[in-house]
Every structure is written in structure tokens, then in C-alpha cells.
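Enquirer: Given the sequences, and given the hints that come with them, work out the whole structure.
Those protein sequence lines, which keep their order, are chains A and B.
Here this note's numbering is used: position 224 in the first sequence is 235, and no number is missing along the way.
Here this note's numbering is used: position 98 in the second sequence is 148, and no number is missing along the way.
Some clues are possibly wrong.
No farther apart than 20 angstroms at their CA atoms in a straight line, the calculated lysine to any residue pairs in the SDA-like style are these [said to hold, decoys possible]: (1) K191/A x S138/A; (2) K256/B x E107/B; (3) K202/A x R73/B; (4) K208/A x E107/B; (5) K320/B x A244/A; (6) K256/B x D188/B; (7) K202/A x K256/B; (8) K61/A x S138/A; (9) K208/A x E117/B; (10) K230/B x I268/B.
Some chain B residues flagged as far from chain A (calculated, every beta-carbon gap over 10 angstroms) [what the hints assert, rightly or not]: (11) W79; (12) S113; (13) E177; (14) F189; (15) H203; (16) K254; (17) V336; (18) K349; (19) R365; (20) F368; (21) V398; (22) E412; (23) R442.
If you're looking for bench data, these hints aren't it; they were derived computationally from the structure.
Virtual Cβ for every residue (Gly too), placed ideally from N, Cα, C.
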Amino acid sequence: MKYCVLVAYVPDTASIIKIGGAGNRIDEGGIKWIISPYDEFALEEAIRLKEARGGEVTVITYGPDRGSTGLRECLARGADRAVHVMGGEATFGDAFAIARVLAAAVQKAGPFDLILCGIKGVGSDQSLVGAMVAELLDVPHVSGVVKLEVGEGSLTAQRDVEGGTEVFTAPLPCLVAAHKGLNEPRYPSLKGIMAAKKIPIETWKPADLGLDEAALGGAEATSRWLKLELPAAKAGGTILNGEEDPAGAARELARLLRHEAKAI
Amino acid sequence: MALSSLDLYNVEELYSEDERLVRDTVRAWVNERVMPHIEEWAWEGHFPRELIPEMAELALFGSTFTEYGLPGLSHVAYGLVMQELERGDSGLRSFVSVQSALVMYPIMTWGSQEQKDRFIPRLARGELIGCFGLTEPDFGSNPGGMRTRARRHGDRWVLNGAKAWITNGSIADLATVWAKDDEGTIRGFLVERGTPGFSTVEHKGKYSLRASVTSQLIFEDVEVPEANRLPLAAGLKCPLSCLTQARYGISWGALGSALATFHATLDYTKSRLQFGERPIACHQLVQERLVWMANEITKGQLMVWRLGRLKDAGRATFVQVSQAKRNSCWVARECARLARELHGANGVVNEYPIMRHLMNIESVYTYEGTHDMHTLILGEHLTGFPAFMPPRNEG
Numbered sequence: 012m013k014y015c016v017l018v019a020y021v022p023d024t025a026s027i028i029k030i031g032g033a034g035n036r037i038d039e040g041g042i043k044w045i046i047s048p049y050d051e052f053a054l055e056e057a058i059r060l061k062e063a064r065g066g067e068v069t070v071i072t073y074g075p076d077r078g079s080t081g082l083r084e085c086l087a088r089g090a091d092r093a094v095h096v097m098g099g100e101a102t103f104g105d106a107f108a109i110a111r112v113l114a115a116a117v118q119k120a121g122p123f124d125l126i127l128c129g130i131k132g133v134g135s136d137q138s139l140v141g142a143m144v145a146e147l148l149d150v151p152h153v154s155g156v157v158k159l160e161v162g163e164g165s166l167t168a169q170r171d172v173e174g175g176t177e178v179f180t181a182p183l184p185c186l187v188a189a190h191k192g193l194n195e196p197r198y199p200s201l202k203g204i205m206a207a208k209k210i211p212i213e214t215w216k217p218a219d220l221g222l223d224e225a226a227l228g229g230a231e232a233t234s235r236w237l238k239l240e241l242p243a244a245k246a247g248g249t250i251l252n253g254e255e256d257p258a259g260a261a262r263e264l265a266r267l268l269r270h271e272a273k274a275i
Numbered sequence: 051m052a053l054s055s056l057d058l059y060n061v062e063e064l065y066s067e068d069e070r071l072v073r074d075t076v077r078a079w080v081n082e083r084v085m086p087h088i089e090e091w092a093w094e095g096h097f098p099r100e101l102i103p104e105m106a107e108l109a110l111f112g113s114t115f116t117e118y119g120l121p122g123l124s125h126v127a128y129g130l131v132m133q134e135l136e137r138g139d140s141g142l143r144s145f146v147s148v149q150s151a152l153v154m155y156p157i158m159t160w161g162s163q164e165q166k167d168r169f170i171p172r173l174a175r176g177e178l179i180g181c182f183g184l185t186e187p188d189f190g191s192n193p194g195g196m197r198t199r200a201r202r203h204g205d206r207w208v209l210n211g212a213k214a215w216i217t218n219g220s221i222a223d224l225a226t227v228w229a230k231d232d233e234g235t236i237r238g239f240l241v242e243r244g245t246p247g248f249s250t251v252e253h254k255g256k257y258s259l260r261a262s263v264t265s266q267l268i269f270e271d272v273e274v275p276e277a278n279r280l281p282l283a284a285g286l287k288c289p290l291s292c293l294t295q296a297r298y299g300i301s302w303g304a305l306g307s308a309l310a311t312f313h314a315t316l317d318y319t320k321s322r323l324q325f326g327e328r329p330i331a332c333h334q335l336v337q338e339r340l341v342w343m344a345n346e347i348t349k350g351q352l353m354v355w356r357l358g359r360l361k362d363a364g365r366a367t368f369v370q371v372s373q374a375k376r377n378s379c380w381v382a383r384e385c386a387r388l389a390r391e392l393h394g395a396n397g398v399v400n401e402y403p404i405m406r407h408l409m410n411i412e413s414v415y416t417y418e419g420t421h422d423m424h425t426l427i428l429g430e431h432l433t434g435f436p437a438f439m440p441p442r443n444e445g
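Expert: Right under this line is the structure:
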């Protein structure tokens with residue numbers, strides 16, 4: 012079996028976000044970059060499948076130079092091959108352009124039996140790329156998967172829905188977008204990190220895939236980020252000191268809940 | 051906890067990509083697996099033995115070696131591992147130091163092929179826990195005066211004596227023990243748990259390294275086969291060179307403790323409001339202490355980075371290691387003390403990590419060569435005069 016995992020290298024979810032430059036991008040200064048946590052589930056699943064059944068795991072990312080650090084971490088966790096499609100500046104935030112690049116990269120790097128990705132990168136949170144890649148490749152996809160069984164030529168995947176579980180079967184090749192709960196991702200081992208140093212990362216440009224990145228981000232663009240705004244600052248809470256006069260504090264709390272918060 | 055706020059000299063750029071990945075991996079593991087429980091473990095005096103398989107899975111034991119499928123980390127990467135472990139707790143770092151630098155290192159350096167084959171893979175997998183017996187109840191800074199004796203009887207050696215302050219002692223499966231033979235030469239022995247006459251007693255009542263086991267080792271006519279003697283080890287220089295390895299790790303580890311107390315203090319002083327609902331970090335006296343901590347940590351990081359690169363090039367000397375161990379432990383001890391002051395009363399309760407680090411670092415400041423002994427090592431290097439022995443009245 013050949014597995015392909017699409018990974019996004021995104022700001023750490025604990026980052027303090029500031030808006031930079033033209034007001035439509037975040038300020039990348041001081042940001043720590045991580046493999047998207049949902050993509051970690053996808054990678055872990057691929058590695059477990061490989062360990063259980065044999066095969067090869069290829070990871071692909073599309074983005075600027077720093078993406079190779081993310082790929083190196085994927086190799087350290089047990090991926091066998093890594094492809095870095097360099098670029099992403101012109102197509103920033105345009106899910107369809109990103110999907111076109113990734114789909115072309117999957118085609119060039121493949122064929123694969125199973126393509127995995129996270130249900131979303133935690134960058135723009137649109138949850139679009141996985142399904143778009145599947146459509147572009149003309150393969151079925153199941154999105155938001157929390158349990159996966161891969162058989163001969165087909166898979167069974169579960170997704171959680173309000174109040175229940177949906178079970179899908181799909182023929183291979185297929186794309187699966189992983190959700191939290193699919194597995195518990197491992198830490199890379201120090202041995203894996205050192206072994207990963209010896210694996211060369213294949214570096215491609217969109218042009219190597221027959222794509223014109225300037226056109227993808229220009230005439231062919233389907234969406235653009237116009238403006239980012241931070242949420243309004245939260246007002247500080249009110250603390251009632253009940254130590255000296257608990258009854259008075261309770262009366263005041265009831266008054267605030269009734270008249271200020273209008274909760275009762 | 052944001053750590054990026056303390057990289058005033060872009061130290062980050064001095065590490066390679068894989069060194070950063072090693073550090074971030076251990077950092078994430080410590081954050082998830084150690085931090086949520088460490089105050090309770092320390093309070094209860096519990097060594098988290100249950101973490102050993104995870105540490106082995108991460109390949110934390112003997113990680114600088116390449117043989118037996120070990121990772122072959124650079125010494126800078128190894129140092130960063132120590133830093134992150136001790137950012138969690140000095141006891142945890144001590145465990146890994148002992149296993150790697152004081153048990154696997156001497157076997158790899160002076161052991162026979164059979165000893166390596168027999169013990170290294172199991173030590174790496176954490177199936178065997180090791181300890182290192184050099185210090186004795188009456189011989190700490192002066193280990194050459196040891197009283198533990200090894201007398202040869204044919205193909206066996208008989209050990210008698212006692213070792214003290216031994217990290218992992220009571221839980222160890224394998225003790226690297228140093229003893230003098232009849233000629234007065236110090237030799238190394240691998241004493242296995244369960245050998246008749248070999249017993250351990252835990253040091254009770256420790257206020258420091260409470261999440262780590264510290265014990266006495268007692269040898270009463272303990273018979274050790276010649277096959278368990280380290281064949282290539284002879285003389286005090288052997289255990290001392292083990293200590294140089296361990297001290298190297300401590301020089302990084304202690305800065306991890308300093309990073310922990312500094313960052314806790316930075317967070318605390320920016321959120322603790324006094325005098326007109328303003329953070330205490332507004333005060334000049336508070337800032338002076340924060341700057342002191344940040345400044346010394348930065349200098350320490352540059353020192354241990356340079357030492358690591360020298361070590362990777364095979365050029366680090368024991369004098370340099372002494373200097374770094376001495377400096378880092380002093381910085382960490384001062385940082386813990388300043389952190390305690392700036393946390394006010396909160397600095398003495400275990401809702402904050404300060405008192406634990408403060409008490410831990412007292413041991414780290416003292417073990418593996420006290421601050422003063424490292425001062426004398428440097429003093430001898432600078433002046434040519436060894437000042438270890440007090441002058442005697444020859445009259």
C-alpha cells in the first residue's frame with residue numbers, strides 16, 4: 012500500500028496573533044510553526060497502517076521554505092518520503108488554488124492507494140482543501156473521520172455527527188480527512204529525528220507540476236483575503252468579595268444577574 | 051508558557067534544525083506528561099517510574115551513542131534534552147543523566163564486548179535501571195579516599211564497603227561501582243541487583259529532588275565475577291571522566307531550571323497587581339531582578355552552546371565542563387531565589403513551581419562536584435597551584 016499525507020505547516024495554536032502588513036495577513040514575526048494538529052492525526056494513521064500492513068508513506072506540503080522543517084518532523088515520525096512544493100505566497104488563503112497545486116503534486120508523486128489529510132489546517136480553518144483535492148483527483152473522499160479500517164480495495168470510515176455515527180465504505184483510492192479522535196499521535200523519537208536527517212526532501216515548484224502560480228493567484232484566483240480583524244478585547248470580570256458579608260454579596264450577585272446580565 | 055521571549059541573542063539560530071526538533075519533541079513531552087503531575091510527585095516523594103517506557107520510546111537513554119541503534123545525537127542536542135527535562139524537574143533530568151552518562155557511558159567506554167551486548171540494549175530500552183556508586187558517606191569531594199575495597203579471589207572479586215547519595219540506588223538493576231583493589235587502584239564493577247550481600251537503603255527526609263530516588267549502597271562480601279569488572283577501567287580518572295560527561299549534561303540542565311523559574315516569574319510579575327491595580331513588573335526593583343535572570347541565562351546559554359560545539363569536535367576539556375557546570379548551577383540557584391522573592395508568599399506553595407526548583411537546585415549545586423570544588427579546579431587551571439588539600443602543619 013502506498014499512502015500519501017498532505018500536511019500544512021501553520022502557526023502554533025498557542026500563538027499570540029497580531030495583524031501585519033496590509034491588514035489582510037497575520038504578522039509572522041515571532042510565530043512558532045507547527046504541523047497542523049489535524050494533519051498529525053492523518054500522518055499518525057498512515058504510519059500505523061504502514062507499520063501494520065507494510066507500504067510507504069509520502070508526505071507533501073505546499074508552502075514557503077519553512078515547510079521543510081515540518082516535513083523533517085514528519086520523516087522523524089516515520090514517513091518515508093517527503094515532497095515540498097515551494098511557493099504559496101501568491102495563492103495564500105485560496106483553498107482552490109492550494110488544492111490544485113496539491114492534487115497535481117499527488118498525481119506526480121503517486122499513484123497512491125490512500126490519501127490522508129487533516130479535516131482542516133488550523134491556518135484559515137476553511138476545511139475545503141481535502142474535499143477539493145479529492146474532486147480534482149476524481150477519487151471519493153470521507154471527511155471528518157474518527158475511525159478508519161482499510162481492507163483490500165476498500166475502506167470503512169466513521170464520522171461523528173450530531174447524536175450518532177455515520178459509517179461509510181468507499182473504494183480505494185480514496186481521500187480521508189482526519190478529525191480529532193482518530194488516534195493519539197506519537198512523538199518523533201530522537202532516533203527518528205537523526206534518521207530523518209539522511210532522507211533528502213524532494214523540492215518542486217508549481218511550474219514542475221504544469222501550473223502557473225502567478226495565474227493561480229491572479230486571473231484564476233477564486234478567493235482573496237481582504238481584511239483581518241482581531242476580536243474585541245474582553246472586558247474584565249466583576250469580583251464580589253463575599254468574605255465579610257456573604258449575604259450582601261449574594262444579594263448583589265442576584266441583582267447583577269437579573270439587571271446587568273439579564274440571566275435570571 | 052512562551053519561551054520565545056527569552057532569546058535576546060537569537061540563540062535559536064545557533065542550533066541546527068534537528069537539534070531544535072529534538073528539543074521541541076522533549077519539550078512537548080515534558081509539557082504533556084510531566085508538568086501536569088510533577089508538583090504532586092515531588093510532594094508525595096514519588097519517582098515517576100511509569101514514565102520510563104515513554105522515555106525509552108523517545109530514545110532518551112544513551113542518546114549520543116550510535117551503536118546498538120542509538121540515535122547518535124550531537125552533544126548540543128543532548129544538552130537541549132537535558133535542558134528540557136530539567137525545565138520539568140531536576141530529579142527527572144538526574145535519572146536520565148545517570149542512566150546515560152554514568153552507566154551506559156562507562157560500559158561503552160571501558161566495558162567488554164560481552165558487557166556491552168548484555169547491558170546496553172536493555173539499558174536503552176529502560177528494561178534495566180542503572181546507578182553509579184562512587185561517593186561514600188565519608189568521601190564526597192575527595193572520592194580518591196574511598197574505603198570500598200575489591201579483593202580478587204581467582205575469577206571472582208569480593209566487594210566490601212558503602213556508597214552514599216546514589217541517584218536511582220534502590221531501584222537500580224545494575225550498579226556501576228568503583229572500588230580499590232589491593233594495590234590501591236580504583237576499578238569499576240557492574241554489580242547486579244540481587245547479588246548476595248548487596249543491599250540498598252533509601253535516604254529519607256530529602257527536601258530536594260523529591261521526585262527522584264537517592265540511596266546508600268551497602269556491600270558485605272559481595273562476590274562479583276571477573277566478567278562483571280570493566281576490563282579497561284583503572285584509576286580515579288575513569289569515574290571522574292564519567293562525571294565530566296554527567297556534568298556536561300548538568301550544565302545544560304541547570305539552565306532549564308533557570309528558564310523555568312524565570313518564565314514563571316515573568317508571567318507572575320506581569321499578572322500580579324499591586325499598588326493601584328498595576329502589575330508588579332512595573333516596578334524598577336522587579337525589572338532589575340528579571341533583567342538579571344535573563345542576562346545570566348543568555349550568557350549561560352552561549353557558554354553551554356560553545357561547550358557543546360567543542361565537545362562535538364572532541365575538544366572540550368574537563369576544566370571547561372567544570373566552568374559551565376559551576377556557572378549554570380549558580381545562575382539557576384540565584385534565579386530560583388529571585389523567583390521566590392518575586393512570587394512573594396506564592397513562592398513557597400506548590401501551586402507554583404518555584405520552591406520545588408529552589409530546593410532541587412540545592413542538590414544540583416552540590417552534586418557532581420560542588421560549586422567550590424569547581425572553583426578550585428578552575429583555580430588550579432589558572433594558577434598552576436592545586437588548592438584542594440588544606441595546608442598541613444608539617445612541624
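Enquirer: It remains to establish, for every hint, whether it holds in the given structure.
Expert: Okay, the hints, checked on the actual structure:
no., hint, result
1, K191/A x S138/A, "14 angstroms, holds"
2, K256/B x E107/B, "30 angstroms, violated"
3, K202/A x R73/B, "13 angstroms, holds"
4, K208/A x E107/B, "19 angstroms, holds"
5, K320/B x A244/A, "18 angstroms, holds"
6, K256/B x D188/B, "19 angstroms, holds"
7, K202/A x K256/B, "35 angstroms, violated"
8, K61/A x S138/A, "26 angstroms, violated"
9, K208/A x E117/B, "17 angstroms, holds"
10, K230/B x I268/B, "15 angstroms, holds"
11, W79, "5 angstroms, violated"
12, S113, "5 angstroms, violated"
13, E177, "17 angstroms, holds"
14, F189, "36 angstroms, holds"
15, H203, "42 angstroms, holds"
16, K254, "35 angstroms, holds"
17, V336, "22 angstroms, holds"
18, K349, "23 angstroms, holds"
19, R365, "22 angstroms, holds"
20, F368, "26 angstroms, holds"
21, V398, "23 angstroms, holds"
22, E412, "30 angstroms, holds"
23, R442, "50 angstroms, holds"
Hints 2, 7, 8, 11, 12 from the earlier list are contradicted by this structure; the remaining hints agree with it.
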